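The whole structure should be built from the sequences, with the hints applied where relevant.
At position 41 of the sequence shown (counting the first as 1) the number is 41 in my numbering, and the numbers step up by one without a gap.
Across the chosen pairs, the derived CB separations fall in these ranges:
| no. | residue 1 | residue 2 | range |
| --- | --- | --- | --- |
| 1 | L66 | T18 | 21 to 27 Å |
| 2 | S25 | F53 | 16 to 22 Å |
| 3 | L26 | L52 | 19 to 25 Å |
| 4 | I67 | L19 | 20 to 26 Å |
| 5 | L66 | L19 | 17 to 23 Å |
| 6 | L56 | G20 | 15 to 21 Å |
| 7 | F39 | E13 | 37 to 43 Å |
| 8 | G74 | L19 | 28 to 34 Å |
No lab work stands behind these hints: they were computed from the structure. Treat the numbers as computed from the prediction; the structure is a model and nothing was measured. All C-beta atoms, glycine included, are put in the ideal place defined by N, C-alpha and C.
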Amino acid sequence: MAHMMLLAAGPGEKLQETLGAEIGSLFFLAVIFISLTLFWKRAFTAFIGFALFAMLVSVFIFQPELISSLGSDGFRWLFEAYLE
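The following block contains the structure:
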């Protein structure tokens with residue numbers, strides 16, 4: 001069934017389905033390599049900064065729907081008195 005859905009999908013969806021996991025693995029490998037290099041050089045401040053940056057970028061790239069739902073929930077929480 002999933003194979004039939006993939007055949008009916010557009011070219012962008014096909015590309016995302018087939019290359020999404022590979023790109024994620026390559027990104028994770030690059031993050032590990034850079035983190036180990038910074039840790040080995042004892043650049044702990046740069047290591048922590050890069051780790052936080054990598055976490056933020058990975059969430060924006062691989063789970064954008066999470067960011068949009070957090071934004072809308074946060075907006076609703078902050079301004080619920082004005083919305084009523």
